[in-house]
Amino acid sequence: DVLMTQTPVSLPVSLGGQVSISCRSSQSLVHSDGNTYLHWYLQKPGQSPQLLIYRVSNRFSGVPDRFSGSGSGTDFTLKISRVEPEDLGVYYCLQSTHFPNTFGAGTKLELK
Amino acid sequence: QVKLQQSGAELVKPGASVKLSCKTSGYTFSTSYMSWFKQIPGQSIEWIGMIYAGDGGTGYNQKFKGKATLTVDTSSSTAYMDLSSLTTEDSAVYFCARMYYDGYPDYWGQGVMVTVSS
Numbered sequence: 001d002v003l004m005t006q007t008p009v010s011l012p013v014s015l016g017g018q019v020s021i022s023c024r025s026s027q028s029l030v031h032s033d034g035n036t037y038l039h040w041y042l043q044k045p046g047q048s049p050q051l052l053i054y055r056v057s058n059r060f061s062g063v064p065d066r067f068s069g070s071g072s073g074t075d076f077t078l079k080i081s082r083v084e085p086e087d088l089g090v091y092y093c094l095q096s097t098h099f100p101n102t103f104g105a106g107t108k109l110e111l112k
Numbered sequence: 001q002v003k004l005q006q007s008g009a010e011l012v013k014p015g016a017s018v019k020l021s022c023k024t025s026g027y028t029f030s031t032s033y034m035s036w037f038k039q040i041p042g043q044s045i046e047w048i049g050m051i052y053a054g055d056g057g058t059g060y061n062q063k064f065k066g067k068a069t070l071t072v073d074t075s076s077s078t079a080y081m082d083l084s085s086l087t088t089e090d091s092a093v094y095f096c097a098r099m100y101y102d103g104y105p106d107y108w109g110q111g112v113m114v115t116v117s118s
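Here the protein sequences come in this chain order: A and S. Letter 41 of the first sequence, counting from 1, is numbered 41 in the working numbering, and no numbers are missing. Letter 118 of the second sequence, counting from 1, is numbered 118 in the working numbering, and no numbers are missing.
These are computed hints drawn from the structure, not numbers from a lab. This structure is a prediction, so every number in the text was calculated from the model and none was measured. Glycine included, C-beta positions come from ideal geometry on N, C-alpha and C. Watch out, some of these pointers could steer you wrong.
With a Cα cut of at most 25 angstroms, we get these calculated PhoX-like pairs of lysine-lysine [unchecked claim]:
#, chain 1, residue 1, chain 2, residue 2
1, S, K3, S, K23
2, A, K44, A, K112
3, A, K44, S, K67
4, S, K63, S, K3
5, A, K79, A, K108
6, A, K44, S, K65
Derived contacts from chain A toward chain S, CB cut-off under 10 angstroms, selection only [to be verified]:
#, residue
7, K44
8, G46
9, Q47
10, S57
11, L88
12, V90
13, T97
14, F99
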């Protein structure tokens, strides 16, 4: 299975600040069709995950432009600017290029 | 709007089975894919498997073969997951999620807690 390594595990932030979360895969996530199936989710306490970014850099419907994704191959980044209270929770990356789909261990975004 | 409504929390005894449901609305269920996921509280998320509602075709994570069985009822736009021979290691929150055609889960159910205890 593809191992997804997220760093950091915990990320203290001040409201209004900017943060980056890294996600690295043990294999290239470029599919044979040329697309890269790396996605980002936010899970707030007691809730189900919500899709933020799909295929590396595309914001899902209703996701503010404070969220941006980038990267290629095995190295990906989620950036959050002007952090707001509703951004707090655990962020996961997910790869669906290879079978089975696998998630990172998560990065907890919390207030300093 | 797309909605996925999962059944309520379950408390089951070791060795028993349980059937979880995920009732959908707001989109064409019969031509869609549905995935199921497992999350032990405080841990990350595991993909269990996926089913195509059009023909019931399935794909499973090898780890969950023999443990989970996915089915659908297109007449009620509902997906099901049977979990068998339950042990304490199966205690977790289970989510269903619609798979967008591009291969990622976009809308999720609220999750259901399954507790295996004697």
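Hint check results:
Our distance criterion of 25 angstroms between C-alpha atoms is met by S/K3 and S/K23, whose separation comes to about 8 angstroms. For the given pair, A/K44 sits about 17 angstroms from A/K112 by alpha-carbon distance, which is consistent with the 25 angstroms threshold. This hinted pair does not check out: A/K44 and S/K67 have alpha carbons roughly 28 angstroms apart, beyond 25 angstroms. At most 25 angstroms may separate the alpha-carbon atoms for a hinted pair to count; S/K63 and S/K3 exceed this at roughly 28 angstroms.
Taking the CA atoms of A/K79 and A/K108, the gap is near 14 angstroms; set against the 25 angstroms cutoff, the hint holds. For the suggested pair A/K44 and S/K65, the alpha carbons sit about 30 angstroms apart, so the restraint of at most 25 angstroms is broken. Residue-level restraint check for A/K44 is violated (minimum Cβ-Cβ distance to chain S is 12 angstroms; threshold 10 angstroms). Because the beta carbon of A/G46 sits about 9 angstroms from the nearest beta carbon in chain S, less than 10 angstroms, this interface hint is met.
A least Cβ separation of about 8 angstroms between A/Q47 and chain S falls short of the 10 angstroms threshold, and the interface hint therefore holds. With a cut of 10 angstroms, the hint placing A/S57 at the interface with chain S is violated, because the nearest CB-to-CB distance is about 13 angstroms. For A/L88, the interface hint is violated, the least distance from its beta-carbon to any beta-carbon of chain S being 16 angstroms, above 10 angstroms. Interface restraint check: A/V90 against chain S, minimum CB-CB distance 9 angstroms, threshold 10 angstroms, status holds.
Proximity of A/T97 to chain S holds as hinted, the smallest CB-CB distance being about 8 angstroms (cut-off 10 angstroms). Checking A/F99 against chain S by beta carbon gives a least distance of about 7 angstroms; that is within 10 angstroms, so the hint holds.
In the structure shown, a violation is registered for the earlier hints numbered 3, 4, 6, 7, 10, 11, in ascending order.
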